[in-house]
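J.: Since the structure of chain B is provided, determine the placement of chains D and E on it from the hints.
Chains as they are written, first to last, in the working numbering: chain B, 39 to 305; chain D, 6 to 307; chain E, 11 to 351.
Hints are computed from structural coordinates only; laboratory data are not their basis.
Do not take every clue at face value.
Okay, derived cross-link-like pairs now, EDC-like style, lysine to aspartate or glutamate, Cα gap no bigger than 20 Å in a straight line [claimed, not checked]:
| no. | chain 1 | residue 1 | chain 2 | residue 2 |
| --- | --- | --- | --- | --- |
| 1 | E | K198 | D | D84 |
| 2 | E | K128 | E | E117 |
| 3 | E | K313 | E | E286 |
| 4 | E | K337 | D | D64 |
| 5 | E | K58 | B | D99 |
| 6 | D | K257 | E | D176 |
| 7 | E | K277 | E | E54 |
| 8 | E | K277 | E | E52 |
| 9 | B | K137 | D | D11 |
| 10 | B | K169 | E | E75 |
| 11 | E | K199 | D | D74 |
| 12 | E | K198 | E | E188 |
| 13 | D | K229 | B | D204 |
| 14 | E | K351 | D | D84 |
| 15 | E | K97 | E | D68 |
| 16 | E | K125 | E | E96 |
| 17 | D | K229 | D | D202 |
| 18 | E | K167 | D | E152 |
| 19 | E | K167 | D | D175 |
It should be emphasised that the depicted structure is a prediction, and the values quoted were computed from it without experimental measurement.
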Amino acid sequence: MAERAFSATRLPGFAMIAVAVFLVLYLPIFTLVIFSFNDANSVAIWGGFSLRWYQIAWANDAVKEAAVRSLIIATSAALIATTVATMAALGTTRRAAFKGQTLIYVIINQPLMVPEIVTAVALLIFFGFIKVTTGYQGLGYLIAAHSAFCVPFAYLPIRARLEGMDLSLETAAADLYATPWQTFRKVTLPLLLPGIIAGAMLAFVISLDDVVITEFVKSGGQDTLPTYMLGQIRRAVTPDVNAISTALLVLTVLLLTVFFLLTRTRD
Amino acid sequence: MPSNEDRQRAASARTGWALSAPALLLLGFAASGPLLIVLVYSFLTPGDYGNVVWKFSLDGWRGILFTRDIFDGTLHLADANLTIFWRSVKLSLLTTAITFAVGFPTAWFIATRPAKSRALWLFLITIPFWTNLLIRTVAINEVIRNEGIINTLLIWTGLITEPLRIIYTDTAVLIGMAYVYLPLMVLPLFAAIDRFDMKLLEAGYDLYASRWQVLRRVILPIVKPGIVAGSILVFVPSLGAYVTPRVLGGGKNMMIGNFIELQFGAGRNWPLGAALSMTLLIIVTIALLIYVRAANRGSPHG
Amino acid sequence: MKTLMTATALLLATSALASAEGVLNLYNWGNYTSPELLAKFEAETGIKVTVTDYDSNDTALAKVEAGGSGFDLVVPSANYVPIFVEKGLIQELDLTRLANHGNIAPEWVDVPWDKGRKFTIPWQWGSTGIAVNTSVYKGDPNTSAVFLEVPDELKGKINVVPEMNDIVNLAIMYVGGEPCTEDTEVLKKARDALLAAKPDWLSMDYGATEKMSNNDWAASVNWNGSSMRIRLANPDVVFGYPKEGYPLFMDSVALLKDAQNVDEAYKFLDFIMIPENAAMISSFARYANGIAGSEPFMPEDMKTAPEVVVPEEFRAAGRFLPTCSPKATEYVTAIWTELQK
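The following block holds chain B by itself, in its conformation from the complex (with noise of 0.2 Å):
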């Protein structure tokens, strides 16, 4: 390649930033996968190799029901929060400004403002109330509640990446005559689609995270990951809960792996 010599989206020392962040994320999980395989009673000083957290977490039905039901409320709540908000993003922005577009954007980001705590309080009078009427205990609510503050985290990459997204294209498309719908879906959105992922990657991560609302919402036997792990933070973190992460995590990458090799395979 010619320009090898001068490249124009070179600048100096990005790279080298680049490649520490990368190390620096990966020293604490590097940790944590290797305290896994720890012999000794201890998330800290190294006893020898041994599987037997593995055996424990795998004995312990409470953390595997956990572990389950975590990642069934991010992936229904990674899937509803980035439709809302595709939708929302296509209908707040590259158009007329019109009466009310602030209000939506303000109450889009609103949960974003205010302190975990808050929301959680507030949803547990509520949905006590709900609870109380309808009857209904189900993960319905933690999946309401998780989807909802997904939203914005969802929205704003989306967003940005509408933003000033090139128009002459879709125009040309209509142009030539293409229905809005087709014009959508052959050319807005696979030029929307690294936002779209990026949001739902965020949405996902974000309700996997989830502690204080969750411990406010959720109803008899709801327990997730975090919930439960928080249970533990006061007495002992015991090594069975690296286990059980080391496992997602080996889980995770495998199913990304996956789905990376066929989106590349399809290109």
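T.: Quick look at chains D and E alone, frame taken from chain B:
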């Protein structure tokens, strides 16, 4: 007869609202709507054992700025509350600055990889975040503790003889928050940089601009929406952060999130907690509006 | 995706199965319920117990009060029991349905928060004291001075658990007051003692079991059960009972007013009053239970543990925290806010 522009505007508003409706409904049901309860609670009287009594009172709001001295009953400025607010704002601003400083080069690095490996790098940046926050924070603690990897390595290489004490300091909180919120900065930045036309750079260099000038005059203005989105996504949750300051800061100093939690928990003063939350909400909304206005003014599609 | 769907189907299937037979929803502190106990109960009665965790009395209270959460049993601490009773959240037990009620140890029957045990059944009890690594500090550990007038050896190496009521009341007792006092002179002294000591503390955090075993902390205000586990990992650690007064706690099981599985709940309450089963609860979380005759079934290392069997000389100093008045709570919160600002 309405002008063409008016009609276009009305149509735009109709589709705008229609497309936003599902999101607004969801939020109205499970986020913003129930918050009205909190607003109402801020005007009530605390119950003896938590919860509220349905009697109007302004004490919750008064409690934000003033406290009645528990010993002599005089009313004075609540310096504890102000200290806590100021600490939260300071740490959140610093976190935003740090995530931007390291997040921008990272996002740029990812966006300038060949198209094929870009997705891979993007996955690599998010994978650490698929482990739970609590567990990740505990793991960070293990890395920075006196006998942790970093200190062991530094001592082993002979760079230091005594372990650096990072654990339970503001530095530890900052490291932790920057770590935790980094993807919230990198992903929007990436989304913005990724649609940036690299030919503009060549044009810049053709006009004999230096790298610094290109960065400042060409790149930054165009990726501004990404910077705005990333900063909001990092700054606001940092303000309400709860787990990270508690685990890494050693819990000696509260941030707003912990302070509000205290009121709803063992402090048993829900109206004060509600009023504090509303204050935070108002401050952040105002800051956000000013910020968005300013950002829109500069953007080409404003 | 397919894995996830299979998992979903599995989970839905198991929960559907569970509701077909007898079920029981227990709302308890995290990491506090012995899985073996639940397995044994299920084997004997066919009732599947689902445990859901909470991490503070206030969270549990708020959730139960909001209603509709579907729990049958809850395990509040002593000073929260009267609040649950006063708010009408738990129901009076029908003692004729509890054949083993007589197994409750005599000293735990007429407790101040539940005279005659009409509302609650003992789960576990313990104390808040100070765990000290004797290889760092050789002085007397049995005093609150260890954290309120920190000796030089421990400066910057001691942790204080962030439990508002425990800590402020330890300080109140240290300066000669009664827990939940409204005496402003005493409160002022307690506050000054805490504020003066804080710069010498390393942190205010949970997790002593791990952090004292690996030498991050040389001392910590801590619970007795956790301190016992630290000693098992590090024999240098002793548990001090502050002679100026230290808080005792007891968590007891109560039947909620809106419980849906009342019969199952009674079976469970009766079940945990059998000495052998009470010992199973203790051997998991390492705290004492309140059931007479459970000692022979306790693990060997707990029968003589100085953290569990309170030495005679320190017994008198232990006090159950009463349910503080709203005024007293206001004082305690104000002191705590100033301490953590």
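J.: Now tell me if each hint is right for this structure.
T.: How the hints compare with the structure:
1. As the CA atoms of K198 (chain E) and D84 (chain D) are separated by approximately 18 Å, the hinted pair is consistent with the 20 Å bound.
2. A distance of roughly 15 Å separates the Cα atoms of K128 (chain E) and E117 (chain E); the hinted pair therefore holds under the 20 Å criterion.
3. Distance hint between K313 (chain E) and E286 (chain E) is fulfilled; the C-alpha atoms sit about 14 Å from each other, no more than 20 Å.
4. Restraint check: the Cα-Cα separation between K337 (chain E) and D64 (chain D) comes to about 15 Å, which is no more than 20 Å; the hinted pair holds.
5. Distance hint between K58 (chain E) and D99 (chain B) is fulfilled; the C-alpha atoms sit about 12 Å from each other, no more than 20 Å.
6. With a C-alpha separation of about 16 Å, the suggested pairing of K257 (chain D) with D176 (chain E) holds against the 20 Å cut-off.
7. For the hint linking K277 (chain E) to E54 (chain E), the alpha-carbon distance of about 10 Å falls within 20 Å, and the restraint holds.
8. Between the alpha carbons of K277 (chain E) and E52 (chain E) the distance comes to roughly 11 Å, so the proposed pair stays at or under 20 Å and holds.
9. This hinted pair checks out: K137 (chain B) and D11 (chain D) have alpha carbons roughly 12 Å apart, not beyond 20 Å.
10. Restraint check: the Cα-Cα separation between K169 (chain B) and E75 (chain E) comes to about 12 Å, which is no more than 20 Å; the hinted pair holds.
11. Proximity of K199 (chain E) to D74 (chain D) is assessed by CA-CA distance (about 15 Å); at most 20 Å being required, the pair is judged to hold.
12. For the proposed pair K198 (chain E) and E188 (chain E), the alpha carbon gap of about 13 Å is at most 20 Å, so the pair holds.
13. For a cut-off of 20 Å, the pair hint linking K229 (chain D) to D204 (chain B) stands: about 16 Å separates their Cα positions.
14. In summary, the hint linking K351 (chain E) to D84 (chain D) is supported, as the alpha carbons are separated by about 9 Å, within the 20 Å threshold.
15. About 14 Å separates the Cα atoms of K97 (chain E) and D68 (chain E), which keeps this hinted pair within 20 Å; it holds.
16. Annotation: proposed proximity of K125 (chain E) to E96 (chain E) holds, straight-line Cα distance about 14 Å (limit 20 Å).
17. A threshold of 20 Å between alpha carbons decides the hint, and for K229 (chain D) with D202 (chain D) the separation of about 14 Å falls inside it, so the pair holds.
18. Restraint check for K167 (chain E) and E152 (chain D): satisfied, since their Cα atoms lie roughly 14 Å apart, inside the 20 Å limit.
19. With a CA separation close to 17 Å, the supplied pair K167 (chain E) and D175 (chain D) stays within the 20 Å bound.
When held up to the earlier numbered hints, the structure conflicts with none and fits them all.
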